[in-house]
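Read top to bottom, the protein sequences are chains A and B.
All letters in the first sequence, in the order written, are residues 1 to 223 by the numbering used here.
All letters in the second sequence, in the order written, are residues 224 to 832 by the numbering used here.
Errors might be hidden in some of the hints.
To give an idea of the interface, some chain B residues facing chain A are shown, with a C-beta separation under 10 Å as derived from the structure [said to hold, decoys possible]:
1. 238
2. 239
3. 243
4. 244
5. 468
6. 471
7. 472
8. 555
9. 623
10. 625
11. 829
To be clear, the hints were calculated from the coordinates, so they are not data collected in a lab.
Quick reminder that beta carbons are idealized off the backbone N, C-alpha and C, glycines included.
In case you want the letters, here they are:
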Amino acid sequence: MFRLRIKYEKKEWAKFVSQLEMVKVLERTLRRAEFPLAFTEGFSLRPKLSFGPPTPVGFESETEFVDVILVNYLPEVVAMRRLENFFPEGFKPLSTRYVSLEEVSLVKRVSFSEYEVFLPLPRVRSSVFLEKIKSYLETVSEISHRGRLIKINRETDFPEFSVFLSEGKILLRLILATRGDKTVRPDILILPFLEQEEIPFSSLRFLRKALFFWGNGQLKKLI
Amino acid sequence: MRSTLSLELVEKLILESEKPSRYLGTEWGVAHKKASFSLALIYPDLYEIGFSNLGIIILYRLVNSLPKWKCERSYLPAPDLIAKLKSNQIPWWSWETKTPLKNFDLLGFTLQTEYNYPDVLTILSLVPLPLKAEERKNGPLVIAGGPGAYNPEPLSSYIDLFVVGEGEEVLLDILEAYAEVKGLSKEKILSGLAGIEGVYVPLLLRVKRKAQKILGFESVGNQKLPVKRRVIADLNSYPLAHPLVPLAQVAQDRCSLELMRGCARGCRFCQAGQIYRPLREREAKSFLSQAKKILNQTGYEEISLVSLSTSDYSSLASLTRELVSWTAPRRISLSLPSLRLDSFSLELAELIARTKKTGLTFALEAGSESLRRRINKGLAEKDFFEAMEKAFKAGWQKIKLYFMVGLPGESEEDLKSISRLCSEVLNLGLKTLPQALRNRLQLNLTLSVFVPKPFTPLQWAESITAQEAEERIAIVKRSLRRGRVRVRAHDPSMSVVELILARGGREVGSLLSEVHRLGGVLQGWQEHFSFSLWKEGLQKAGLQFENYQQRIEVSDLLPWDFIDIGVRKDFLVREWQRYFDAQPTPDCLKICTRCGVCDGKLRVIRNNV
Numbered sequence: 001m002f003r004l005r006i007k008y009e010k011k012e013w014a015k016f017v018s019q020l021e022m023v024k025v026l027e028r029t030l031r032r033a034e035f036p037l038a039f040t041e042g043f044s045l046r047p048k049l050s051f052g053p054p055t056p057v058g059f060e061s062e063t064e065f066v067d068v069i070l071v072n073y074l075p076e077v078v079a080m081r082r083l084e085n086f087f088p089e090g091f092k093p094l095s096t097r098y099v100s101l102e103e104v105s106l107v108k109r110v111s112f113s114e115y116e117v118f119l120p121l122p123r124v125r126s127s128v129f130l131e132k133i134k135s136y137l138e139t140v141s142e143i144s145h146r147g148r149l150i151k152i153n154r155e156t157d158f159p160e161f162s163v164f165l166s167e168g169k170i171l172l173r174l175i176l177a178t179r180g181d182k183t184v185r186p187d188i189l190i191l192p193f194l195e196q197e198e199i200p201f202s203s204l205r206f207l208r209k210a211l212f213f214w215g216n217g218q219l220k221k222l223i
Numbered sequence: 224m225r226s227t228l229s230l231e232l233v234e235k236l237i238l239e240s241e242k243p244s245r246y247l248g249t250e251w252g253v254a255h256k257k258a259s260f261s262l263a264l265i266y267p268d269l270y271e272i273g274f275s276n277l278g279i280i281i282l283y284r285l286v287n288s289l290p291k292w293k294c295e296r297s298y299l300p301a302p303d304l305i306a307k308l309k310s311n312q313i314p315w316w317s318w319e320t321k322t323p324l325k326n327f328d329l330l331g332f333t334l335q336t337e338y339n340y341p342d343v344l345t346i347l348s349l350v351p352l353p354l355k356a357e358e359r360k361n362g363p364l365v366i367a368g369g370p371g372a373y374n375p376e377p378l379s380s381y382i383d384l385f386v387v388g389e390g391e392e393v394l395l396d397i398l399e400a401y402a403e404v405k406g407l408s409k410e411k412i413l414s415g416l417a418g419i420e421g422v423y424v425p426l427l428l429r430v431k432r433k434a435q436k437i438l439g440f441e442s443v444g445n446q447k448l449p450v451k452r453r454v455i456a457d458l459n460s461y462p463l464a465h466p467l468v469p470l471a472q473v474a475q476d477r478c479s480l481e482l483m484r485g486c487a488r489g490c491r492f493c494q495a496g497q498i499y500r501p502l503r504e505r506e507a508k509s510f511l512s513q514a515k516k517i518l519n520q521t522g523y524e525e526i527s528l529v530s531l532s533t534s535d536y537s538s539l540a541s542l543t544r545e546l547v548s549w550t551a552p553r554r555i556s557l558s559l560p561s562l563r564l565d566s567f568s569l570e571l572a573e574l575i576a577r578t579k580k581t582g583l584t585f586a587l588e589a590g591s592e593s594l595r596r597r598i599n600k601g602l603a604e605k606d607f608f609e610a611m612e613k614a615f616k617a618g619w620q621k622i623k624l625y626f627m628v629g630l631p632g633e634s635e636e637d638l639k640s641i642s643r644l645c646s647e648v649l650n651l652g653l654k655t656l657p658q659a660l661r662n663r664l665q666l667n668l669t670l671s672v673f674v675p676k677p678f679t680p681l682q683w684a685e686s687i688t689a690q691e692a693e694e695r696i697a698i699v700k701r702s703l704r705r706g707r708v709r710v711r712a713h714d715p716s717m718s719v720v721e722l723i724l725a726r727g728g729r730e731v732g733s734l735l736s737e738v739h740r741l742g743g744v745l746q747g748w749q750e751h752f753s754f755s756l757w758k759e760g761l762q763k764a765g766l767q768f769e770n771y772q773q774r775i776e777v778s779d780l781l782p783w784d785f786i787d788i789g790v791r792k793d794f795l796v797r798e799w800q801r802y803f804d805a806q807p808t809p810d811c812l813k814i815c816t817r818c819g820v821c822d823g824k825l826r827v828i829r830n831n832v
């Protein structure tokens with residue numbers, strides 16, 4: 001058995017495909033690409049796939065991961081080429097590499113996600129707007145979302161952010177918790193600010209840039 | 224109203240919609256094409272229902288194989304998006320390129336169920352186009368086909384041209400002619416197309432009536448009468464249509480391939496059994512090689528062999544054996560819908576079970592043997608239980624049985640027979656299933672209400688009221704053994720609507736426009752269906768349900784009598800009579816029943832391998 005880790009991007013219309021839907025989309029892609037898939041036993045025969053933390057529907061991503069168990073070795077470059085040919089429009093393989101069968105699952109391993117959020121230029125002066133959003137992000141400690149109160153611990157949930165002007169848009173970079181016990185979504189984090197500033201949610205673009213895990217006391221990028 | 228759409232706007236609307244992935248149009252296998260002429264095939268229901276429709280897929284592939292034409296798809300937007308499109312005056316679009324539908328040359332609706340009719344109007348209003356065909360001077364021609372086109376009259380005010388019969392040949396005739404006359408006035412184009420066999424242009428037909436009674440039909444131009452159904456002689460002349468692979472979850476999410484068309488059985492309530500005659504099988508060897516190629520190219524993990532009566536396929540056992548020997552090692556499961564119990568073999572059950580034991584579904588339709596004889600589904604109980612025993616021994620635990628209530632002459636005893644059959648199936652299952660599986664035994668019982676359909680021997684039959692249907696369903700439920708049986712009953716008030724749309728004439732058009740005006744969408748969905756809205760519509764249109772519910776005299780002209788499906792009317796009358804005499808008619812593979820369809824050019828085609 002071999003465990004192949006596929007990193008891929010999900011852009012354009014593909015960003016609307018949910019993680020649940022992705023299971024079938026990927027299975028069929030791998031079948032078309034004739035990957036030597038290992039299957040679960042029992043009533044429902046499914047290939048052994050394990051996905052990284054899900055990206056919310058509507059977010060683009062340059063950092064989607066899935067581990068696939070193969071019964072035979074398939075050279076990484078061959079796997080790459082086949083994925084390039086058989087992924088549906090909007091998906092693109094970025095890398096393939098073998099990892100140990102024993103390695104902890106992707107979902108358990110990942111601790112943080114890096115997001116980029118593109119906001120339209122504000123009606124007020126950009127510098128004023130930048131200060132406003134900075135001040136909001138520096139002070140936000142809890143968010144009320146759909147009747148639920150989400151506490152934000154700056155250190156453990158939201159360690160880093162930056163905001164600046166880029167190519168006629170406001171670009172917001174956020175590092176947010178993506179763990180089993182706590183996940184902070186960038187859209188939920190900034191929603192109160194958007195409402196306060198009357199910025200329509202649909203004018204924003206979200207991109208997940210990277211995933212991070214703890215290794216030797218340091219945050220490392222998952223590749 | 225905009226004539227083009229920015230992708231940014233479309234993306235924004237999709238993002239804000241309830242389920243964005245249903246609107247993508249980037250499914251695996253879609254055709255991206257530039258061509259001089261364009262057709263949008265439209266399924267007037269949500270994407271997840273319409274996506275797998277085989278007719279759409281067949282025509283989509285066919286039209287996209289033509290150098291001059293491109294074909295895209297469209298479906299009904301969900302109510303949340305409908306509201307946004309309307310309030311922002313945004314034109315409805317096609318899936319592949321998000322092109323406004325009004326920029327297409329032709330819009331082709333498929334009419335698969337009567338419940339979709341109001342949504343033909345919904346989509347026309349979203350294009351936007353005037354609803355009435357006579358009010359549309361410009362813009363795309365609106366055409367419609369599918370089983371609903373066999374009684375086109377309820378929609379005849381809204382459609383420019385109906386295609387009666389199988390689309391493969393007649394659609395190409397229409398496209399070829401259209402490409403030559405595009406630019407002429409709509410009247411001239413329609414008049415030209417009306418000369419093509421299988422084409423019906425409602426504006427060119429006058430229905431002579433005296434009050435409710437139809438006195439005759441008259442062509443007021445180039446319309447050929449009767450309108451003859453178009454049929455393809457041999458399915459093997461057409462390759463299997465390569466299905467698309469969805470990204471969103473859809474209702475029939477599997478690789479559906481048409482194994483044969485038509486049915487030799489002649490169940491007297493079944494419209495498909497009449498309008499798709501004669502039975503034409505695909506040649507097994509070619510089917511297999513195409514199926515393997517398609518499975519490889521699509522990556523589907525399940526294949527379904529589509530037909531009206533799969534177990535009648537002449538070499539089903541050998542075909543299944545060969546297919547399973549290829550699919551099983553690849554972990555691809557096989558489903559065989561429309562199996563009949565009388566020819567169901569243990570070998571077949573076991574073969575399918577090698578990959579996945581999904582439930583077994585059987586349509587018995589009537590509980591008593593005598594009523595089954597009347598509807599010409601002469602399945603003997605002895606054979607039924609023998610087959611069930613085989614199925615249980617092979618380890619099937621989930622059994623689904625379909626029955627109808629409301630057949631003419633149905634007695635309380637007939638209804639109680641449904642419950643008795645269910646009890647006996649359960650007893651047999653508990654006795655026969657391997658010990659370890661007995662706890663999992665489950666029987667799903669689906670009860671629907673009989674609706675007489677055009678071109679069936681029961682087309683003249685009376686239909687029961689919603690209240691009577693409720694009572695009959697209650698009789699079945701009351702006499703059922705509790706536990707292990709899950710009952711799903713069709714909403715009787717929905718069947719009332721189905722009846723009016725199935726058996727109505729041109730006058731029903733005003734009901735549809737009222738229902739549309741009152742906001743009726745997705746009326747085939749229990750959660751969206753509103754009977755009060757239809758009642759209000761009936762009242763406003765000045766129509767009465769009773770007029771559609773009554774038994775019709777065979778001497779009366781029916782709204783669809785200007786259509787000739789090849790099956791002779793005297794055959795249907797004979798079969799109607801045999802219903803009352805409880806006389807079975809053998810399937811036409813055993814003996815020709817002289818229905819009139821086979822004419823030398825058209826004949827039953829069996830796979831001889």
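Okay, the hints, checked on the actual structure:
1. 238: Result: holds, 5 Å to nearest chain A Cβ.
2. 239: holds, 6 Å
3. 243: holds, 4 Å
4. 244: holds, 5 Å
5. 468: holds, 6 Å
6. 471: Where the cut-off is 10 Å and the nearest Cβ of chain A is about 6 Å from residue 471 of chain B, the hint holds.
7. 472: holds, 6 Å
8. 555: holds, 8 Å
9. 623: violated, 17 Å
10. 625: violated, 24 Å
11. 829: Violated, about 33 Å.
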